[in-house]
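**Student:** Please put together the full structure from these sequences, using the hints given.
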Amino acid sequence: MAKPLLGHRSMEDDPSITPAASRTIGVLGSGDFARSLAIRLVCSGFKVVVGSRNPKRKAGLFPSAAEVTFQAEAVKKTDVIFVAVFREHYSTLCDLADVLVGKILVDVSNNIEINHHKESNAEYLASLFPACTVVKGFNVVSAWTLQSGARDGNKQVLICSNNQEAKRTIAEIAQVMGFTPVDMGCMSSAREIENIPLHLLPAWKIPIFLALGLFLCFFTYNLIRQVIHPYIREQKNKLYKIPIEVVNTTLPCVAYVMLSLVYLPGVLAACSQLYYGTKYRRFPDWLDQWLQHRKQIGLLSFFCAALHAMYSLCLPMRRSHRYQLIETAVKQAVEKKMNIWVEEEVWRMEIYISVGIIALGLLSLLAITSLPSIANSLNWREFSFIQSTLGFIALVISTLHTLTYGWSRAFDENQYKFYLPPTYTLTLLVPCTVILAKVIFSLPCIQQRLLRIRRGWEKGRYVKFVLPSATGEYSSGETSSNV
Amino acid sequence: MAKPLLGHRSMEDDPSITPAASRTIGVLGSGDFARSLAIRLVCSGFKVVVGSRNPKRKAGLFPSAAEVTFQAEAVKKTDVIFVAVFREHYSTLCDLADVLVGKILVDVSNNIEINHHKESNAEYLASLFPACTVVKGFNVVSAWTLQSGARDGNKQVLICSNNQEAKRTIAEIAQVMGFTPVDMGCMSSAREIENIPLHLLPAWKIPIFLALGLFLCFFTYNLIRQVIHPYIREQKNKLYKIPIEVVNTTLPCVAYVMLSLVYLPGVLAACSQLYYGTKYRRFPDWLDQWLQHRKQIGLLSFFCAALHAMYSLCLPMRRSHRYQLIETAVKQAVEKKMNIWVEEEVWRMEIYISVGIIALGLLSLLAITSLPSIANSLNWREFSFIQSTLGFIALVISTLHTLTYGWSRAFDENQYKFYLPPTYTLTLLVPCTVILAKVIFSLPCIQQRLLRIRRGWEKGRYVKFVLPSATGEYSSGETSSNV
Amino acid sequence: MAKPLLGHRSMEDDPSITPAASRTIGVLGSGDFARSLAIRLVCSGFKVVVGSRNPKRKAGLFPSAAEVTFQAEAVKKTDVIFVAVFREHYSTLCDLADVLVGKILVDVSNNIEINHHKESNAEYLASLFPACTVVKGFNVVSAWTLQSGARDGNKQVLICSNNQEAKRTIAEIAQVMGFTPVDMGCMSSAREIENIPLHLLPAWKIPIFLALGLFLCFFTYNLIRQVIHPYIREQKNKLYKIPIEVVNTTLPCVAYVMLSLVYLPGVLAACSQLYYGTKYRRFPDWLDQWLQHRKQIGLLSFFCAALHAMYSLCLPMRRSHRYQLIETAVKQAVEKKMNIWVEEEVWRMEIYISVGIIALGLLSLLAITSLPSIANSLNWREFSFIQSTLGFIALVISTLHTLTYGWSRAFDENQYKFYLPPTYTLTLLVPCTVILAKVIFSLPCIQQRLLRIRRGWEKGRYVKFVLPSATGEYSSGETSSNV
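Protein chains in written order, with UniProt numbering: chain D, 1 to 483; chain H, 1 to 483; chain X, 1 to 483.
In case anyone wonders, no lab produced these hints; they're calculated from the structure. Be aware that one or more of the hints could be misleading.
It does not matter which identical chain is used: a pair holds within one copy or between any two.
Under the rule of at most 25 Å between Cα atoms (straight-line distance), these lysine to any residue pairs were calculated in the SDA-like manner [stated by the list, open to error]: (1) LYS459 / LEU61; (2) LYS279 / GLU67; (3) LYS47 / GLU67; (4) LYS295 / ALA375; (5) LYS241 / LEU325; (6) LYS295 / PHE215; (7) LYS459 / GLY277; (8) LYS438 / TRP380; (9) LYS295 / LEU201.
**Tutor:** In structure tokens form, the structure reads like this:
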């Protein structure tokens, strides 16, 4: 039951106990945000006075509990004023400068672009009203969140100001409204706060460019092999293959390579720990970044795999497929060839389709457990089992899918168009490296060493080291720099 | 890690500091809700006394920490009593009227239907026990939520009563139990509170009826064109087409039209703002309602599109497809016609299938980001980019899919059965209107005007107006009623 | 907006008001967990001193606000010390025993296996440092949650200790850090707490084994009928059918039977209530367990159904399908048989495919509403409507799918291989029982009785009983043991 209860008061702070809630709050402005702010303040138990240039026309927009009056009247009645107007209208408030002396102005504005102006909106407001205390806050909260109540992810309200007292006041108001205030420091943080809601999926930029880059590379490669080569060598027009067949041989390459790129950084990190013999050495920045983007890379891999499944399933729907089928049948009928069964071809397709569906099923499990609500209900062991163990199994099964699809074509001369190998051979490079590395890491000697390093052992340091054994007993040993 | 920890106490309110938690709470009743209530009260640190008509038989159902005794005994020991019995048993409690004088009774009951009785259950209870204070509360919480701990969406507990003190007491108890109490006012709100858990997906009623209505209309239209017309004109029995082919030409129409109906209200709102020259004029109720139901309309559109994809993919599976294929092959073999390749047909299918899969992929992104846990992790700019921008791109690509599917059939006389145009032409009306309107809105003059209106400019009002320019500088201008 | 705000302080507890936040906390250790702990403590406003064996080398890993020094120095400065080292290194801290006297040690360690050692890590630590107070806590929180901020599901921190004061202190610290402390009792609970993060999807074990068991049974049955029987009786090699066709006739059986097993316990529970004539009798343990695992059984059923759909859709893709199609066409062409249309076969496939897709669509709705974030936004009536009502409709439609797929094959002698009936007949047993039972329960006399029992009526007890009627009026009646 997640509907907002407008007009009703949360009882978490009783006005008779908490003076903050009997405070009068002023709101300047009459747009969407001002309206949502007024609604929320009223629901939280505050007295609200809205200052508008046209109180009579705008009164209908606001809840009845809020008093809508002229701007000058409104600011006289309160000490805290939310300035819910656009930056370009700040100067229109200069007439109120006298009345605003000594009051707290809360700048809730946002810009359209990152670093749109030389100074932040809050600093500009402060320069216009030097006798007031300006606090930057509430800009990361949307009007919808204000109206409908704070949800878990949107509960944080970032606040900064040069004045500690004012910050505390606004923080208390935010808490009563049901938000979690976070102190961001002085006014110099205002620019950073104003940039935060303008970020557009920052964690996805690199993975998306990576996917697009891989797509373009493999698409060109497949185009050359499947369309350009038949045209140049045999004068056959295979252009019709571009919308579905070329795309459908490109998407699985992107999905497969990206899936291996999810598990490669883990392998590199383990190599780094084995080489330096310690876990306390920081990874290079690029490896750190790569490790943090694994989830996005994995989800893009699943998206491409799902599209590949859709394209594959619609291959028999197409008119070109129908025409080719009928042509083959007619040719065989005319030649009266009755038996055309090639057992190897049949087995090849049965196996690689079946294995491909299993791989897609496992990848969908990984994608579903990435959803925030499900990931939060899993503990570390469960999450690690699904993402690491099941994920690696999915990588192995995808490799079987690729190998079975390719079958013996890598050894068939005809498959080398312009001396270019079949595409599937290129995609096998990174995944097979990852699988080989994981197999090597599972050898007892390497696994033991890695476990020791991860439990604190460091190469070259003389330290009395103990390892937990399978029975729970300890086996201790002195280690020196030669181990 | 989201398991409830039964038998363990949350430490957020230490009993030695908060007297509320050492309170004794009574529960009358021995059903599921009474049991869950007792479990939760015990976990929250309260002493619990359960009053039952058969304490010996019912004791096994309750946690050991709760004392199970006769009803008269139980009510003597406490001041606050949760009446966890069905409304029809309230009268059986009248024997306890003397002992209950001056105590707080909490009515937690629910009904089976909305407005099932003349007066709400709480008012009925109050009429039976005029010497007690009745508080309505906890009825929106399910027994499962009580046992397993409050989750984010189910945390709210609605409370109403004529007595402020009693309301405060019950609110404190709710807080200690981990819920968020919300004050709903006086006892007259009890009926509204009792109706709340009986609502059945209220936001979905209109979109579902809309989808069903569109489905019936298009289904009838397609039935006439694909089954009835061949029967009347050519005496061909095409009834077998009804389960899959007619359904599969209806579902995409419903999906496509509903997708355009998601973006049409935005266009109408922009038109309204342009016409009246202000953003402060309230939209008509029907437009407001329509804007609020866009998410449900969009999700239904995606559901129909996904079913359409399933039906399309299984077209080659069917026995009718197989028979038609073999018939064509046999006819061609008998006539010894070798080459049947029609390049235009091949290209038509390749393109419209490929484009259709891309549209479905984009729509699935929109559907996934509608999930509450993901929507909450996006900021406004990200959410707007995905739902507005990507969504409009999905609408454009769906239009390409429809146009390529239709190809030149709108200009082919034979396609007009009973003078009815091909179905796809009908579906293009609303989407093309929306796309055209959006294109017009992106023209610089219209876009500037819309931006001005959304930044506060009003037609007919003389106001010194400034616009943010691309460089962050301001261009001001005096505006008068002629602009 | 869910990013952590490192370096910024939550303002929920102002240091000038809450002494706890100006406390100095010590952290021993320099691994991932120690680092995440230090970051979170700094963000929460505490002064942090980190004790490491190599302060100079490790300082770079920690936030600048945390002071990194030698272990002996660090423990002198604080009263509360988080011991973030592995169990096997506890003995290395014995040198600090003198300095640690009277301080609170927080054991945050985890093990690799459940019950790995004879005593819990916390008890072991307490035995090494008898002069200190040991508190077990924070082990259920992952390093990632510490860094990124507490989410709803991961907010609980389990604490136990023999010392109440120490427990309260650590609980306050946990609250300031944004977690919800839960009191688990004395040190004897430490073992239980240490086992909690080691559980691996405990609710899924039984359903997964059930699914695997059903899969093996049906797979063997289908293998005998589809591969072994043709080989023995007709010497036909049908081994190629194993990867896709045999799997694709097994998966729907597993899905269908498991779907019926979701609704069977409800039927058994209702039977139990009708038989004993009361709702207050506890169900047997196995029925209770079964009722609690319904969600997992249902999700596995949906997963198998989705895989079945994928396998079915790729049947026309296969080379075997193509060869069979061409063979049939060639044979017909040679025999010049033009018309091969079998109306019954066509209708059979059209209906069962269409009905199957509808069933899958309904099951996907059930799966989606099982997601935590969506389930939490539904009230009880909505959840019950979707899971019970829509779910039962899905079961009925799946039964239609199975019956239409089977059609008249159960009456065809040739379908009985080795006298084994067609597989689909076996799968119909449990679902038809469930559907029949639900139909019987909906008969007015049985439905009334069940409703009476669920509203509190008990067979054999003389009680004045009232039932709510459709008009909201009450119909009372005396009931005696004969009813």
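**Student:** Which earlier hints turn out false for this structure, listed by number in ascending order?
**Tutor:** The structure conflicts with no hint, since it agrees with every one listed earlier.
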